[in-house]
Amino acid sequence: LITLLLYLSQLLCLSEGGLLCYAPGVTRPLSDTFQDVGEKASENMRVAALGRPFTLGMLYDVRKDELIPGLMLWDENTLTKNTVVSEQNSSESEISASDTIGSKSSLLDVDASLKASFLCGLMSVEGSANYLNDNKKFKNQSRVTLQYKATTNFKQLSMTHLDTMDIQQKEVIEKGSATHVVTGILYGANAFFVFDSEKLEASNVQNIQGTMEALTNKIPSFSFKGKVNMKLTDEENALTNKFSCKFYGDLILESNPATFQEAVKTYVELPHLLGEKGQNSVPLKVWLMPLKNLDFSNAEPKKQISVGLVTKVQDTFEDLKQIGMRCNELLVDQVVQNFPHIQERLNRFQTLCINYASNLQETMKKKLPSIREGKEDEMSGINLFSADRVKSPFSQDKLTEWLDHKEREINVIRSCVEIMEGIKILQSQSELDSEVLSPGVDQALCFVFTSIQNADPCLDAMAKYLHTPQLYQPNEEPWYYSDDVVIKMREKTSSLLSVIFFTGGSSGFEKSSVIRMPFMYR
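According to mature numbering (1 follows the signal peptide of the UniProt record, and there is no 0), the sequence shown holds residues -17 to -1, 1 to 505 in order.
Worth flagging that the hints you see were computed from the coordinates, not collected in a lab.
Subject to a maximum C-alpha distance of 16 Å in a straight line, what follows is the list of computed EDC-like cross-link-like pairs (lysine to aspartate or glutamate):
1. Lys348 <-> Glu49
2. Lys120 <-> Asp316
3. Lys381 <-> Asp439
4. Lys201 <-> Glu245
5. Lys407 <-> Glu418
6. Lys285 <-> Glu361
7. Lys304 <-> Asp117
8. Lys349 <-> Asp360
9. Lys304 <-> Asp380
10. Lys201 <-> Glu219
11. Lys122 <-> Glu390
12. Lys295 <-> Asp371
13. Lys229 <-> Glu245
14. Lys120 <-> Glu301
Produce the entire structure from the sequences given, and follow the hints as far as they go.
Structure representation (structure tokens):
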């Protein structure tokens, strides 16, 4: 009861003392004063800095999540006199085995609205926040991320004596696009060590993932009195040698770590790199106050983006990321490497998906600010990622189906190639001419894959949709789904081997003899 009375009296005193921005653990909980973005657009807010160069007194447009450089409410001398600095020393580490947009955003304290701005290309990120842009290359690949996070101090503006400003400057600011002013900054640093395995067999992913997590969990314990004390078994050393490492941080290193061992050394050095007094720290989180609270007539956001729309945007880009990883896995398949036409189509498919994602970003880059200003209904954005996409050639079902078909084609061709093991594969007419016309060659027998060169109506529909959105449903059955064609194909493969066997591989057929596969798209 005594504690409660003291707390209430403290709140009453603070409410009478004028406007003051409070940090976590400084006199009063921030939750009493600030709202996360997405709750109320007109309230005080806090956002993740994400490597952006915030300073106290800087202006900000929350409709575009954009810093406005060059204009300040107060001069540097006034800001310095009214800045309150408090220590906020802390450090922690966290392990993440997830590579989703949601998990990365959570590690960087990115709220829903800011996440929408990032995904839709309204803002760029720097420093450790570049981790948001890093994705696994393959689906069948293990990844573990180690985060080191430290805070050093919190700077805030005491607003009691900051209510006076130059009238002329106020008029200039009111004509601009600013909606908020920076009144508090939490400083520190983030660092991410991203460990990736090589491409794995699907059956090995979980086992390697578990081992990677166990080894990564040991890294903080390898630091002893600021020095590296790493002890691994021979088996663990052998495994870590197969890891690659990428570093995303707010601190400048002499060289970025590329191996597990180098990552351990860098991790141990991080506290020293911040500086004894945290002089090398950067903004991590920023507190914003609406300009209307200071009697400005600037436009303010009417509403924030709903969680529903943010989820649609996130799920769509996550889906496209998964499609990209699956495509990458097919591109390194040996059959694909030997058949340029399949490789070209996979590359074209991947490029079309990337272009589609870019088109979505460009469209939403215009829509988001309009939705926040209340000029455009949010349903237009939701439809873009739901109804419109489902009807398009870029729906998740259609993209997945195309890759399923491509895998089927690759597997059918693989079955023939494996039967003809040891026979040379020629990737172009030029290579064929070179082989046939080589000195000493009197006879040649060729097995020609013809249908893989046919046009792909699905890819054509995707390309057309990017320029003129229209619905198109291919009605042709791919040759590799025809049982008759596959049976004939394998029969002719066996026929080729029979000819080679009975002729001893040296005679019995003409120089230009060709066993041609007559299957086509029907």
